[in-house]
Every structure is written in structure tokens, then in C-alpha cells.
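Starting from two chains that each stand alone, build the complex the way the hints lay out.
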Amino acid sequence: MQRFFQHITHDGYSAWLFILPALILISLFALPLLALSLRAINADFFDYAFSEQALNALRLSLITSSVTVGITVFFGTPLAYILARWKFPSKSYLELLVDLPIVLPPSVAGIALLIAFGRQGLFGPILNALGIHLPFTTPAVVMAQIFVAAPLYVRAARIGFAEIDIQLEESARVEGANQWQLFSEVMFPLAGRALVNGAILTWARALGEFGATILFAGNLEGVTQTMPMAIYLGFERSLGVAIVLSVVLIGISVVLLGVIRKLERQDH
Amino acid sequence: MKKIFCFAFLFAFLLTACSAAIPHAPTSVLETQSPVASSTAKPEPRILTVFAAASLTDAFEEIGRAFEASHPGVTATFNFAGSQALRTQIEQGALVDVFASANNKEMDALVTGGFVASDAPQIFLSNQLIVILPANNPAGLEKIQDLTTPGIKLVLAAEEVPVGKYTRQALEQMNSQFGSGFKDKVLANVVSNEDNVKQVVVKVQLGEADAGIVYTSDAAAAPDTKTIEIPAELNVIAKYPIAALTNAPLPGLASEFIASVLSPEGQAILQKWGFGPIQ
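Those protein sequence lines, which keep their order, are chains P and S.
Just so you know, this note's numbering puts 9 at position 9 of the first sequence, and the rest follows in order with no gaps.
Every number in this note's numbering is 268 more than the matching position in the second sequence, counting from 1.
Treat the hints with caution; some may be incorrect.
[What the hints assert, rightly or not] Computed Cβ-Cβ distance ranges for the label pairs, DEER-style:
no.	chain 1	residue 1	chain 2	residue 2	range
1	S	T345	P	L257	37 to 43 Å
2	P	F75	S	E440	46 to 52 Å
3	S	D492	P	I102	30 to 36 Å
4	S	I391	P	Y93	54 to 60 Å
5	P	G251	S	T345	36 to 42 Å
What the hints contain is simulated information worked out from the structure, not anything from laboratory work.
Every residue, glycine too, gets a C-beta built ideally from N, C-alpha and C.
Extracted from the complex, chain S is given alone in its bound form (with noise of 0.2 Å):
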């Protein structure tokens, strides 16, 4: 009996050893590599890693696909999912050169732990807030007030996601406008919080839900659906804040990325899909 558990502890061991040892591996590949491409004449193929919000997904790939005609040998790789998920990646090793967040608490967090430096994020835009609606309306929405109609089905994003939070904040803020019971009366008609924005969307475009609360950035991804604005007092900004990692492999290459974004060109880009300016 203690024979075996010897043999597991020392199996464990050996484990945890070769998975420590793992992450230090291309950080030396990339350092032996880094003067060969100074020498050669011919463009070396070098891959940006960019870790993006969700949200960001259809407007930083044609971003990269700008950058990498500019950039000759250069291919920008992706991958989108939620701030919070890209964030627990970083912590645990995953090699990055760039990391652009849907909100500042989980670049915060990053600058804490070390892994950005603390004067490296810069916000790059806003987004705002949207009431979207299934093309045909069958709930026939037409004010933020209709909200409170009884028993239509309302698809929000669930508190703990960013934009779940946002719109929380944001129908609290229109209690004062519509009467104190206005948010208590449309979290009422919530059949779904679903656990990221694009959910929101989906359920709305299929035309199961009546009415969602996304980013505008979302709708304008959507074109197949309707939308109720939300005025600008009532509002919520969200600012998205973008940086270059500590121990980013091409560090070069990331403040590259960065200043494309946050050029004249990147902006349209990100206007064009919906993003507001950096405010």
C-alpha cells in the first residue's frame, strides 16, 4: 500500500516537473531566432499572438488582415473569447504578444500580477449599449418604456459577464427617468441570462426571444434584426483598454499592432463594425 502511493507521489512529481519545464521552451527558440531575421534580407515569417475580447472578433481580423499586407512575413493570429477566460490563460503561461479587453478590471489584474506594465494599457474604444429586436418585432417594441410589457420574453447577458453588469447599471439609471420600479419590472420579463453577448444575439436573431439588451457593436454585426436606441444620459460607456505583454515573444511587432489600432485607419475600421470613438 505505501509502496504504490510512493509511486504516485513520485509520478506526480515527475508530472508537475515537465509541465513547468514546457513554457520556458519557445522563449528560447524565439531568442535564437530573433538575430537570424535581422540578418537576412528576405521578410522572416514571425506570428503575433493577440489575445482579444469576444466582441472584437469580425473587427480585429480585418485590423490583421491590413496589418499583415503592411507587414510582409508577418501572420497575426487570434483568439477571441471572454476577457476573463483570456485573462486566467496569461496567468497560467500562455505566451502572448497583445491583449485588448472588453473592460479594465481584467487588464487591472494582469498589471497586478505583473504580466503588463502598469503604464502600457491604453483605451483604443468605446462601445454602448442597445436594445435589439428580431426582425420582425413579433413583441412590437417600439420605445425603451415597452420593455415592461408583461410576459414578452427578454434575453439579457447574465451579471457576472461585462455587458451583463453594463445593462444592470444602465436600466438603474432609467429608474429615474421611467419611475423607480422600471428595472425591477424588466428584469421581471428576463427568461435568459445567458453567459456571453453573441448568446444575446443568437436568441434574438432566431426570433426566440422578443427583445436583448447587447453592445452596439453587436447589432451592428446583426444585420438582420431591428434596434431601439438608448439615449446617451441613460447610457453606459464601456471603454476597452489594449497593451503589449510584459514577456511578450515580439514586443516589437506588438507596439506595431497597437499603433495600428489606434491610427486613423484601425479607428474607421473598428467604426465601421460598430465600435464608438476613443472618448
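Just chain P, with the same shape it has in the complex (with noise of 0.2 Å):
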């Protein structure tokens, strides 16, 4: 706090240049939150919040989230990688194909989903005849998911990879290490905060997703009703519901980015 007003008494008036301008910014984040905040303080929040509808949103959103990290930075950690380093032609095409899902309306990304993998989709007919059904399921979820989020872990990977010294890469390979040593033992470690930093971001864009999930997976309590599609209908029925639910998701929020930062911190 002390060294906050060193920058206002030494930079004198120049210091508000910068602290009014984020000021408005910080207000527009804050105070809607805070306005919830507010109206979901009474006597039914933890009727709400205790209810076993949202309990059931909460379990399968922790649950469906958290599976989607995992297989995000399984699968996105090697091509975030290749993306970094590897040079093959028509790599800004693939490159551009990677970023797609981050600035697509979440509806195109579930009538995508539904229109391939749907039961008359392009793949359905193959996934009929294997057995699998994917619409209306909890994997249909984690999909929706995978697709709009996991592309924010591979855009900060690939950029935290590729901020590597690459002379420290030229010297591991001239001592020998072959392409699994120099990404375990080099380029995996130097570039851990980049890929907490995706992890998180991939986390909260899957914990918050609705778009796609309700067109691909529906919404059924317990099986596809995530966190944000009982809110919305929350907001169907009462607004009370929809405002102790959100304040609800937006308290995860706060306490699993906080924790994930603390262990982040610890590491350095």
C-alpha cells in the first residue's frame, strides 16, 4: 500500500493518468459484482445454495472442469509444443485453426458439435455403428468444453514455450539430449508458469461454459446440468435463485484461483 501512494507522491498528477483509467475498468468489474453480492445476502441463501439441484450443478462442474484440464494439457501440452518449435509448412493455417474456438459465439460451437457428432451428424453413423452416443451425455459436456476452452491452454503454452532461450535448447542437444529429454528435462520446467497460467484460464472458460454445452449435451439435473445452465434457468424461474447461484459459483471461483495462484507463487 505504502509503495502504491510512492508512485502517486512522486509522480504527482502524471500517476493519475494511469490510476483513473483502470479505475473505470476495475469499477466495471467490481461493481457488478458487488450488486449480486449484495442482493443474495438474506435469509434464503442457503436454502439456494444448499438445494439439492445445485449441489448436483456444482459436483458435475467441478467434476466435468476438471476432466477437461486434464485431457487439455495431455493432448494440447505436444502440440503447443510443436506450434513453439517445429517448423512444417502451412503451420499458420494450423495455428489459425487453434485459435478459432477462442473467439467463436459458444453456439456455433454447439451446433458444430451437434452437426459432427451428433446421432445424424457427419460422424454419427460410424459412432452408431461403435456403440457411442454422445448428445445428452456427461462426456458430451467435457467435449463442449474441451472445444471452446482448451485453446487457451495451448495459446499460452506455445507462447511460454517459445519465449525459451533458444540457445539453451542448441546446448542440451549438443550434450546429447534427445526430443523427450530436451521437452522433460528443458523445456518443460522453464515453461511451468505459462502452462499453470493456460491450466487456470482453460479451468475457469470450462467451470463458466454454457453456450455450447446446452445445445451439444442439453441440460438434465445431474447428468449435463452444469453450474451455469442452473443459473440461467434459475433466472426462468426467480431471480433470487439465479443471484444465490451465481454468487455460489462466483465464491469457487475466487477460492480455487487463489489457491492455484498461491501454489504458482511457491513455486518461484
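Rendered as C-alpha cells:
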């Protein structure tokens, strides 16, 4: 805090050139959350928060988003490494493809997943022959989350890998490291922070995913009804339920983000 | 620390003061414009704002085009969404001329809140439920009783939205004819409770669901589907109210629009899109 005031006393009026715009943006973030929290404080809070529907949705959200992060890290790390370090033709098109889901509206993602993997979709006949039915199942929730959230991890990890000094890599190669050793002993530890950041972003995005899920996975309590879905339907029923569930989701997000950030700081 | 808090508080206050001032601005603009409109011979461009339930989309757009044709200079703009969402937007200050709701609940709430005069709402159409199937009918369903076939994929509107509530009411009524466990057996086949009726239609159209229960008007707007009628004695009839808002920027035009919806031409358009007559 003292350091903060030093900026004002040292820089004089020019400090406000930074503080004012920053404060406007912070207000935009903070005021709606404040209003929501104030409205949520009432006697029914715990009735809503610990209702069976809310707990089911919470459990499903935590399970699916964790699975999403696990799968994303497993498949996304090699992809990010390839994109950061290897050179091959039409690589820029591949990068564009990986970044595309970040800017697509989730409803586009949902309809695309349905048309690709639905019963009457492009790959529907193959999946049917294998006895796999994806729409309206929990795996469909995870697929929708991966589609919209995994690109955030791949992007962060790619940038993390790309920032590592190329000379470190070369000296490791001179000492006879193969591709796997190079990756596991040099690149992975050095890009650790970027990977954790990417995983947090993916996890948070997966936890909040709504648009693609409702189209591809539908909405059934305990099977595909995640927290955002329960909140949206709570809005149809009464604003009070939606507000309380929103505050619960915000609280969980804050706590988990805090825990992960603390772990991250201890690493360094 | 204290200084920062003071500053943040002042800032928050300024922001709310600004936002509170905005809703008044358009009203005063419109008030100063109206005398001009009456004094000139050429039709002054006027924009009529209608908030209507999502199920009315196709029919109201057609009525709107007819209304624009008979009222030179008038543009009818529509905001189609769930009735509950529209009600919230109106309560939060949206300036609207006409509100058409899919149920009485949201209209009544606006009457209670003073946004609509108590004698203003008029029922302008009725709607009923129907079972909708994909064109190729993958589960081979032929009658309502087939909805209990174990393992079929049934998609309904969620209980929280009006059509979902009506659906469960209708299933309850079917218990008396098809046996007391009928409703529960049907609900056991539900794979998804959608947040609006159009989502149910899409899931059926794409063939992901074996059946869904929607309004007759939704089925009429989805020609590439099959339907199973629900007999009148087991059906639930939804009635839609329409009203001008008490603070409508263009009250005269609002009542003219409502009159055109209630006119034989307007009713014919509504029935073309699968809605039932005023009952």
C-alpha cells in the first residue's frame, strides 16, 4: 500500500493518468459483482445454495471442468510444443485453426459439435456402429468444454515454449539430449508458469461454459446440468435463485483461483 | 487506504448517477418531436418498439410488415425473447410501446409494477401442445402412449419456462386416461430439459431426439417434422396477452398495432403460423 502511494507522491498528477482509467475498468468488473453479492445476502441464501439441484450442478461442474483440464494438458502440451518449436508447411493455418474457437460464439461451437458428432451428424453413423451416443451425455459436456476452453491453454503454452531461449535448447542438444529429454528436462520446467496459467484459464473458461453445452449436451439434472445452466434456468424461475447460484459460482471461482495462484507463487 | 476507498466510492456514485439519468433522455426527445410530426404533411419517420415472446417471431414479423405497409413512415422493431427476460428488461427501464407475453404471469407482474394499466391486457391468441417427431421417426412412434417406450430419447422444455410447465400439466391429465404411472414413465425418458421451446424443435429437427413436446405454432414453423396430435381433453391451452405500456413513447401507434393484431387480417396471419383463435 505504501508503495502505491509513493507512485502518487513521486509522479504527481501524471500518476492519475494511470489510476483513473484503471479504476474505470475495475469499477466495471467490481460493481456488478458487488451488486450481485449484496442482493444475494438474505435468509434464503443457504436454502438455495444447498438445494439438491444446486449441489448436483456444482458437483457436475467441478468434475467435468477438472476432466477438461486434464485432457487439455495431456493433448494440448505436445501440440503447443510443436507449434512453438517445429517448422513445417502451412503451420500458420494450423495456428489459426487452434485459435479459432477462442473467438467463435459458443453457440456456433455447440451447433458444430452437434452436426459433427450427433446421431444424424457427419460422424454419427460411425459412432452409432461403435455403440457411442454422445449428445445428452456427460462426455458431451466435457467435449463442449474442451472445444471452447482448450485453445486458451494451447495458446498460453505455445507462447511459454516460444519464449525459452533457443540457445538453451541448442546447448542441450550439443550435450546429446533427444527430443523427449529436451522437452521433459529443459522446456517443460522452464515453461511451467505459462502452462499453469494456461491451465487456470482453461479451467475457469470450462467452469463458465454455457452456450456450447446447452446445444450439444442439453440440460438434465445430475447428467448435463452444470452450474451456468442451473443459473440460467434459475433466472426463468425467479431472480433470487439465479443470484444465489451466481454468487456461489463466483465464490468457488475466487477460492480456487486463489489456491492455484498461491501454489504458483510457491514454485518460484 | 482510506483515501482509495473514498475515491472508489465517489466513482461508484458518479457511475450510478450517470446511469440513472440516461433513461429520461429519450422521453424528452420524443416529446419535443411529436408536435413537429403533426404539423408537417409528409409522414414523419416513427419507430414502434414491440417486445414479444420468442414463439411469436415469425407471425409478428409478418404482421409488422403489413403494419408498416399501411402506416407510411412507421418502422416496427421487435425484440423477441423469453417472456420472463422481456419483463425484466421492461422493469429495468427499457422503453417499449407494446408487450406481448406467452403467459399471464409476466403480464400480471408488469401490471402490479405499474408498467401496464390493469385494464390494458387483452388475450389475442391461444396455443396448444403437440408431440413433434423427426421426419424419419427413428423410434417409430405412432400415438401418445408410445412416449412411455423405454429408452426413447425425449426432449422437453424445462419446467421453469411456460411451455415446460404446460407440458407437465398435460402429462398429469394423461394419467387419468393412460394409467397413474404414465407421467413418470414419460419423464423417465427425458434426456434433456431445454431452456426454450425453439431448442426442443432444433433437437428434434436434427434427429438427436426421438420426440419432443412443443406448441402447435412451433410445429407449424418446422415443416420437416412429423407430429402426433394431443386430444383437446388432454391438452393445455396457453393464452397470450398483449398490452401497450403506460409509458409507451408512441401510445397512439401502440394501440393501432394492437388493433391490427386483433383484426381479422392479423388473426389470419397468426393462424397461418399455427396459433389458435382467441378463446
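For this session: Enumerate the violated hints, using their earlier numbering and listing them in ascending order.
Result: none
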